[in-house]
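Chemist: Place chain B on chain L using the hints.
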Amino acid sequence: MTMELDVFVGNTTIMDEEVYQLWLDGYTVNDAVKVRMDGGVMEECEASADVLLSDTMDQYRTFQMCERLLHSPSKLGNQLLFQIPPHRQAMLIERYYTFDDAFVREVLGKKLSKGTKKDLDDIGAKTGVTLKSCRRQFDNFKRVFKVVEELKGPLVENIRHHFLLSDKLARDYAAIVFFANNRFETGKRKLQYLTFQDFAFCAGQLISNWTVGAVGEPADHQRSFRFYMDVDLDKEFLQELKELKVLITDKDLLDQHKSLVCTALRGKTKAFNEMETNFKNLSRGLVNIAAKLTNTKDVRDFFIDLVEKFIEPCRSDRWTAADIRLYLTHYNNSAHILDTFKHQVVWDRYMGVVKSCIFKMYHD
Amino acid sequence: MPGKLKAKIVAGRHLPVMDRASDLTDAFVEVKFGNTTFKTDVCHKSLNPQWNSEWFKFEVDDEDLQDEPLQVTVLDHDTYSANDAIGKVYIDIDPLLCSEAASVISGWFPIYDTIHGIRGEINVLVKVELFNDLNRFRQSSCGVKFFCTTSIPRCYRAVMVHGFVEELVVNEDPEYQWIDRIRTPRASNEARQRLISLMSGELQRKIGLKVLEMGGNAVVGYLQCFDLEGESGLVVRAIGTACTLDKLSSGSAPNTNTHMSPLAHGCRSTHNSPVHSACSSQRLSQNFSVSVPTLIFTGMGSGGSVGKEAGPLKTLLRQQTQTALEQRVQRLNEFPFFTLTSFPPGFLVHVGGVVSARSVKLLDRIHNPDEPETRDAWWEEIRQEIKSHAKALGCHAVVGYSESTSICEEVCILSASGTAAILNPRYMREGSNCLFEEPSPPSCGFCHIPYDELNMPFPAQLTYCYLCRRQKVPDVLFTTIDLPPEAAVTGKGCLIQARLCRLKKKAQGEVNATAISNLLPFMEYELHTQLMNKLKLRSMNSLFGLHIQISVGENMLLGLASATGVYLTALPAPGGIQIAGKTPGELSNEHHILTIQKRINDTIAKNKELYQINPPELTEEVVGSPIPEPRQRSRLFRSHSESSDEVSELDLSHGKKDAFVLEIDDTDAVEDIHSLLTDAPTPTGFYSCNTEIMPGINNWTSGVQMFTSVRVFRLSNANLTNQGLNKIFTDLCENLLKSFYFKLRSMIPCCLCQLNFTVAVPEEELIQVTVTAVAMTFDKDQTQEKTADKPPTKGLSGGSETEEQLQFPLELCADSSSANCQPTSKISGSLKQLPPDLLPSASVDYGSFADRCSTWLELLRLKAHTMRRGSVKTSRRTHARIHSHTPPCISVTVVKMTPLSFLPGTRIIKYLGIINMFFIRETTSLREEGGVSGFLHTFIAEVFSMVRAHVAALGGNAVVSYSMKECMLMENPNKNQAQCLINVSGDAVICVRETDQEPTPSTTNIGHTSASATDEAT
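Keeping their order, the protein sequence lines are chains L and B.
For the first sequence, position 54 matches number 54 in this note's numbering, and the numbering has no gaps at all.
For the second sequence, position 487 matches number 10487 in this note's numbering, and the numbering has no gaps at all.
Extracted from the complex, chain L is given alone in its bound form:
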């Protein structure tokens, strides 16, 4: 004796947020029922396990039917199949696109390809996220990437507009897309201590300062539309960065810069001696990173370079975050006083980002 068929359809689609979350998290129906039973929902309404099972099945079916629409969220708004109040639609979309930080940290900067998809079970095992959920998250990244990759205009706006996400989530996706597109290396052991949010912040900085979109639409409309986008770094700017080399190649300039910084720092921090000693090394490190960014390979290593060339030396000298802040502020500002140094604009554009990235990446 079995229930051959069991459906419940409301004119207004009934969705339980708790069940939705379980579905998103990749629980099977039976596991979800167990979780719900443990949650005590049964006592609430004198329900039995059968009732709970039937309800969970109904909801899972509904979510599966909705999933197709969630792939292009703008459709959810004008589809006719489900009558879902707008605020529920927003919830459905937002939750569907929400990801686990642990998971995204693993795939950040990787190519969103079939190859990576094959490794998802390993990632799942490592992060404790179910394979089903990993797949959803991965496919979301891929889908967003595919849609905005070729679009003009600001990346965050594009994502928010096409996927109807909240500002925060759209920014996170922009970071993911940006990292995937530029293939930044984030998996090295030295970078393991960094969280997704650290990277997302840096990505935000890079997007809003180092891309073509960052400086506004160029007046020259002859250029290919690809240049208006902020998924890619501004090639011209990267070229210009080479000019900064003068700061380390010109001996006078280097010494002058050092003395200016040291004058400003003297007596303001306990780490002054280390700063003075390491000035040339650190400055070489930062300028070399800038000069090499024309190579795609070096772009990928941008974060590892920052860690190796700057953060690690500082950390071994036990600089505090305040020290870093102090040092970099003066390091940046002093360059303006160097009268033979002509590349102030490029310098600021470079250092502005590097500074905030390092602040974010320097964990005490």
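No lab work stands behind these hints: they were computed from the structure.
All values reported here derive from a predicted model rather than from experimental measurement.
The C-beta atom is built at its ideal place from N, Cα and C for all residues, glycine as well.
Wrong hints could be hidden among the right ones.
Stated by the list, open to error - Derived, one-sided and incomplete: chain L residues facing chain B with beta-carbon distance under 8 Å:
| no. | residue |
| --- | --- |
| 1 | 3 |
| 2 | 7 |
| 3 | 9 |
| 4 | 101 |
| 5 | 320 |
Stated by the list, open to error - Estimated spans, in silico, between C-beta atoms of each pair:
| no. | chain 1 | residue 1 | chain 2 | residue 2 | range |
| --- | --- | --- | --- | --- | --- |
| 6 | B | 10116 | L | 98 | 43 to 51 Å |
| 7 | L | 128 | B | 10598 | 54 to 62 Å |
| 8 | B | 10683 | L | 31 | 21 to 29 Å |
| 9 | B | 10046 | L | 34 | 41 to 49 Å |
| 10 | L | 30 | B | 10034 | 53 to 61 Å |
| 11 | B | 10595 | L | 128 | 26 to 34 Å |
| 12 | B | 10050 | L | 30 | 35 to 43 Å |
| 13 | B | 10246 | L | 161 | 48 to 56 Å |
| 14 | L | 42 | B | 10180 | 46 to 54 Å |
| 15 | B | 10046 | L | 98 | 30 to 38 Å |
| 16 | L | 30 | B | 10680 | 33 to 41 Å |
| 17 | B | 10928 | L | 321 | 52 to 60 Å |
Modeler: Same frame as chain L, now just chain B:
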């Protein structure tokens, strides 16, 4: 050529990919009406094509306009091979034929394919220009309004109720034609859908003609059904109540008084417990008339002869060339039946009791579809039966009348039931629209017995009415109608169900029919016994909305009786239930009986508390009270095999009142009592009923959730007993209810209204239960009835400010004293381009006009083509306030659906026409679609969405009196196939928020309340 139909294809969206190579589609559209077809251009390589076609014009007879649907087919153009069909939309243009309904159909329709389901949407515009036709011999009946609602629709007044109209048309079922062997399933499904659409159109037209003939202008309580008789054909039949309706002018609107009573006036009645029923089987000379609770078999003439007599009689009637008036009288005399379940005040005088008749027939091929005499004769015979039952109850009319069938292979059970009643004759005479003085108080008058006390049709205990003490009332009252709103009720009501399974041997032909008709009276009797017991157990004394369904399968019969139990203050309090053992000697037995007795008493006490039944203590000392000592004792027989001669004469009365006696004489009886007690009580915060309104609850809030649930249970145990089956069936129903309570827990406090259960035996070993109902929230704390008419003259403050908020065009329907509701002034809101995120059906509160004309803001339609810019062109002041949420993206009108005739918190300002849709869905990839549950889930959701789309296109925002009349599922999991047929109907309406009532929650979404409630619950 009395009509011109114009259609324009605007655009499509979300089309499926038809060309794998390009991932795009080259779509074009064929628009077909009758035999004329137009095509749009091909819109190359787009999933969101913009055709923006010219107006396609069809010049047609209005007869065709009524019969035919407009058929819109979307195709994918293919240069080399045949064009592929994407899907179709059938648009019923009937609502456009009535000046008071919709004037244009315009909107997005889901493109439907019987194999693939919904595949994108198409935007279509349809208009009709009707020319006057003065031909009195015309075959069309344009202009007659149809309503599914079984009461006088709000915003109308019944000038006259003419009476019963019925019609049926038959045809061959395309599924069984020879051609079906060579055509694709899609072609076959479409042929069937189209045929049924045509037949319903024809049926409606023919009924309309009858109404015109009777001098009416509307059909209320229109009930249309399909009988898929398989090989022998397809029958579409309909019944309804012909009326002359007057559009209410807004000033007098009695429909504005309260948001809680579905009908602000009108009594519906009910009557006595006993049910009169009959079963007959054609070609078998057994005819039964059953009167419960004492079983009387009355042998009557053979069924066959009755049919033969009735047939020609009717034909004769039709041919008679009488004046309309004479004919009407004749017709009324013929069948004084009314499909209404609630009535204008003063209409219903007394109620006699439930009358029902069943007849078992063997189907044979319908030879001549144009002369469906056999089917007509069958129904004629049943109606005669009903009529005579009503007469036996001293009544001249039957109200709350309905007909149904159950078919299994070649056997068909025809059933009809209703409530015998005495109606005010004045209502049926022309011009008598004034109210007359009630001879008896409205709160109890309908309970008074209509029959002769000395010549009672069944044994009933009569007492003087507990309210007026002037006339006699029965001890129990069963009816098929709604509780009259003015009836005096104690406590709350509740859903009461009796469920029964009976095994029968598999057989063929007449043997089978005989077996079934032999079982029927027993089933009927058992169901009533169960109902009576459960009623007593809840300490109630009357049933409303009684609906008994008997469904036939190959090896079993299923019976399901649903009703809403109520304690009518006018009727005596029910006695308790006494348990009696047959063998009083045995001690253990005695003990057992005591235990059960205690449980029963406890349950009764608990129920009294639950339903708040605290009738005022009987003041028998009231001077001159003529209440005689009630000497009421009824017996309950445990099984049908016992007959009335085994009467226990034990005096087991406890207290003052006599009690029902349950005899425990065998294990069956024990189990029956157990099952009686196992009905789970509704959880706290929930109430349930199968009527329009829940007795005892009237402060509805705006949360509404209509739902459909289907369960199919497979009996795998080959040798089941009746008892085992009963238990399974009972559990199935109980679990369904439990499931609803759980799913809707976020709406607490809430009431499930119009719980409509349908049972079927789709195959051997399968039991299917389909339920449609609506959950409505109510305000627990506000116990006092909010009856005060709040005239719409209280404007909202801050008019100017709110005016500025008017961001989109409103169509103002100023319905002043003139009886028409066409929008007389149009206001376009100022202003800015509509933000895409604005909720389409934002609710609008409106103010009032100095001239005391209420104005209604019609539903705002967020459709680009209806948008007009400009300033407000009216001299009156309008205050509009818009509530809107901030959705991310929305362009779909919210359409509420309810099986009730009203939506709480709103007022219906316009009826746009009847929705009557029939869909077939088939799949050959059942597993891939999530099994049979996934398949049906999708299909039901698709049906809802198509109903909503059609309503929205008519300019409506709600469907009232919605019902799913058919949900027939056939599956073959081994072949990975399934097919399902669904028929739904309802009235499309425009409703606006009730003024001055909690302006905060927006009407915009039904879902809002339920959804947010879900949030809380999680």
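Chemist: So, for every hint listed, does it hold in this structure?
Modeler: Hint check results:
no.	hint	verdict
1	3	holds (6 Å)
2	7	holds (4 Å)
3	9	holds (4 Å)
4	101	violated (23 Å)
5	320	violated (44 Å)
6	B/10116 to L/98: 43 to 51 Å	violated (32 Å)
7	L/128 to B/10598: 54 to 62 Å	holds (55 Å)
8	B/10683 to L/31: 21 to 29 Å	holds (26 Å)
9	B/10046 to L/34: 41 to 49 Å	holds (48 Å)
10	L/30 to B/10034: 53 to 61 Å	holds (55 Å)
11	B/10595 to L/128: 26 to 34 Å	violated (54 Å)
12	B/10050 to L/30: 35 to 43 Å	violated (48 Å)
13	B/10246 to L/161: 48 to 56 Å	holds (53 Å)
14	L/42 to B/10180: 46 to 54 Å	holds (50 Å)
15	B/10046 to L/98: 30 to 38 Å	holds (33 Å)
16	L/30 to B/10680: 33 to 41 Å	violated (25 Å)
17	B/10928 to L/321: 52 to 60 Å	holds (57 Å)
Checked against the numbered hints above, the structure breaks hints 4, 5, 6, 11, 12, 16 and satisfies the rest.
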